[in-house]
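**Student:** Take a look at the letters that make up each chain.
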Amino acid sequence: GESVGLHLPTLSVQEGDNSIINCAYSNSASDYFIWYKQESGKGPQFIIDIRSNMDKRQGQRVTVLLNKTVKHLSLQIAATQPGDSAVYFCAENSEDFNKFYFGSGTKLNVKP
Amino acid sequence: NAGVTQTPKFRVLKTGQSMTLLCAQDMNHEYMYWYRQDPGMGLRLIHYSVGEGTTAKGEVPDGYNVSRLKKQNFLLGLESAAPSQTSVYFCASSQAGRGTDTQYFGPGTRLTVL
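Those protein sequence lines, which keep their order, are chains D and W. With this note's numbering, letter number 112 in the first sequence gets 241, and the count goes up by one each step, no holes. With this note's numbering, letter number 43 in the second sequence gets 168, and the count goes up by one each step, no holes.
None of these hints come from the bench; they were simulated from the model. Please note: incorrect hints may appear among the correct ones.
[What the hints assert, rightly or not] Computed footprint of chain W on chain D, listed as stretches where at least three residues anywhere in the stretch have a Cβ under 8 Å from a Cβ of chain W:
id, segment
1, 172 to 181
2, 230 to 240
[Said to hold, decoys possible] Derived Cβ-Cβ restraints for the label pairs, each shown as a range:
id, chain 1, residue 1, chain 2, residue 2, range
3, D, Gln205, W, Arg169, 23 to 31 Å
4, D, Gln189, W, Thr132, 31 to 39 Å
5, D, Ala153, W, Pro208, 26 to 34 Å
6, W, Gly165, D, Gln174, 18 to 26 Å
7, W, Leu194, D, Thr198, 14 to 22 Å
8, W, Gly128, D, Gly212, 18 to 26 Å
9, D, Gln143, W, Gly165, 19 to 27 Å
[Said to hold, decoys possible] Not the full set, but computed from the structure, chain W residues with beta-carbon under 8 Å of chain D:
id, residue
10, Phe135
11, Gly167
12, Gly183
13, Val185
14, Phe230
15, Pro232
16, Gly233
For clarity, every value in this text was computed on a predicted model and none was experimentally measured. Using N, Cα and C, we set each Cβ at its ideal position, and we do this for glycine too.
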């Protein structure tokens, strides 16, 4: 899961393997969640989103799972590629208008 | 479409100096946001705007001011820079607000205050 601090949790996977990145969110009232990918020196890039009325949503090579009971979100990347190496973080909307809370991120290293 | 652009990309200031960061979007989005990102931490919202002529405070607004005179531009000002404001600043925009649309981010401005 993600944590706040100076050192990001790191996940190292072999090219071609599947990756699972986890995120624990705090607000049980959150109803919209987004996963972002951030490459070094670049801005966050939208990957996939999910609303609280869904448990699972699939995109191209990515799947997001939402477990509202334990307030847990995960991002699964199939057949991980070197280009997937980046920091991934989740965002949850808040009860306040227009505000999102962002996790600190997980660094994904893909080994060739 | 260029999406969201930010100017400048890098800047070094001395304590007490002022500067303005410019964010521009060409997607006709209503909502715009300024965030800061510090090492090992998530993005924190500084200020945001729900439309031309409007601004509102986020989580960490102290030491910053903003203006949204035109729909496509959102300016972030530092009146008297402090070392604690050394960070990477990201601008974002979205068509709709909370829970209905994702935010699209610019490439960031790396600011160092000496």
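**Student:** A separate judgement is required for each hint: does it hold in the structure or not?
**Tutor:** So, going through the hints one by one against the coordinates:
1. Coverage of the segment 172 to 181 of chain D by chain W holds in this model, with 6 residues showing a Cβ closer than 8 Å to a Cβ of that chain against a need of three.
2. Beta-carbon proximity to chain W at under 8 Å applies to 5 residues in the segment 230 to 240 of chain D; the threshold of 3 is reached and the given coverage holds.
3. For Gln205 of chain D paired with Arg169 of chain W, a C-beta distance near 28 Å keeps the hint of 23 to 31 Å intact.
4. The given range of 31 to 39 Å is respected by Gln189 of chain D and Thr132 of chain W, whose C-beta atoms sit roughly 33 Å from each other.
5. Judged by the Cβ atoms, the range 26 to 34 Å given for Ala153 of chain D and Pro208 of chain W holds: they are separated by roughly 32 Å.
6. Taking the beta carbon of each, Gly165 of chain W and Gln174 of chain D are about 20 Å apart, inside 18 to 26 Å as hinted.
7. Taking the beta carbon of each, Leu194 of chain W and Thr198 of chain D are about 46 Å apart, not inside 14 to 22 Å as hinted.
8. Distance hint check: the CB atoms of Gly128 of chain W and Gly212 of chain D are about 20 Å apart, consistent with the given range 18 to 26 Å.
9. Range check, Gln143 of chain D to Gly165 of chain W: Cβ separation about 26 Å, and the 19 to 27 Å hint holds.
10. Hint status for Phe135 of chain W: violated, given a least beta-carbon distance of 11 Å to chain D, over 8 Å.
11. Hint on Gly167 of chain W holds. Least Cβ distance to chain D is approximately 4 Å, under the 8 Å limit.
12. For the restraint placing Gly183 of chain W at the interface with chain D, the shortest Cβ-Cβ distance is roughly 7 Å, inside the 8 Å limit, so the hint holds.
13. Taking 8 Å as the C-beta contact cut-off toward chain D, the hint placing Val185 of chain W at the interface is violated, the least distance being around 12 Å.
14. For Phe230 of chain W, the interface hint holds, since its Cβ comes within 8 Å of a Cβ in chain D; the closest pair sits about 4 Å apart.
15. The interface hint given for Pro232 of chain W is met, as the beta carbon of that residue sits about 5 Å from the closest beta carbon of chain D, less than 8 Å.
16. A hinted interface residue such as Gly233 of chain W counts as satisfied when its beta carbon comes closer than 8 Å to some beta carbon of chain D; here the least separation is about 5 Å, so the hint holds.
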